[in-house]
Amino acid sequence: MLANRPVSPHLQVYRLPLTGLISITHRITGVMLSLGFALFVSILLGIALGASVYQQMQAFLRLWPCQLVYWAFIYALFFHLCHGVRHLIWDIGKGFERNTLILFAISEIIGSLVLTGTIFFLFDRGIL
Amino acid sequence: MIDKTADRKSASHATRHFRHQRITAVLLIPLSVWILLFLHKAMTAPYADMLSWLVSPVNAGAIALWIIAVTYHAALGLQVVIEDYVSVIPLRRGAIYASHMFFLILAVAALAAIVFILYTQGNYGFGL
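First to last, the protein sequences are chains A and B. Residues 1 to 128 (the working numbering) are what the first sequence spells out, left to right. Residues 1 to 128 (the working numbering) are what the second sequence spells out, left to right.
None of these hints come from the bench; they were simulated from the model. Every value quoted in this text rests on a predicted model; they were computed, and no experiment measured them. For glycine and all other residues, C-beta sits at the position ideal for the given N, C-alpha and C.
According to the in silico footprint, chain B covers these stretches of chain A (three or more CB under 8 Å from chain B): (1) 27-40; (2) 43-49; (3) 58-71; (4) 83-91; (5) 114-128.
Okay, chain A solo, but in the shape it has when bound:
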């Protein structure tokens, strides 16, 4: 492939429609969740290393920057899940109409927020 090949119009000059923003967010959350997986592995290693390491790890995880990353991970997980379900609906050949797409996009945003809120409530109240 030539380095100086013609390129398509620069995407930066367009304001992406809602569906486009949702699409790129799916990708961004996917990459971030992949990086978050490394954090999951370190938590698992912390458990394997014994009680004292585990307690130190928990003290660290209680710090607000860690909590921020934790809840960002959970929101990203739910967003990626909701939009992933939309992709699975596409895979069975349904839901390509413009109005349906906008409805899906809004449902995904609301759905991911509600799911994150519900989980926060259940965890916070010690129900789970």
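Starting from the known structure of chain A, fit chain B onto it as the hints suggest.
Then chain B, alone, in the frame of chain A:
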């Protein structure tokens, strides 16, 4: 004729990638419940509670399955992202290889940690 065969081969790679991406996606929807419970335990539960949750066969199995499905899903997804944004072919190949290795090493480390915890803490007869 030879070219057509080559095309078909690469097309079958693409459909396999597509199919595996979807299979892991569907699998990951119910498994998300376990990863949320795991993270919540790791954040809040005393060490003994965390261990007794993790060594139960259903939980350990679900987390292990989640690790395998999620690393595979992430490796497939990140490969597409790299293919879209890295246009220099040798660099692209290298980046895809590096990302595959990244997820392989993380998956092995995570599964090793699970096996280690089961071996040292679980009641499966091979610990003593």
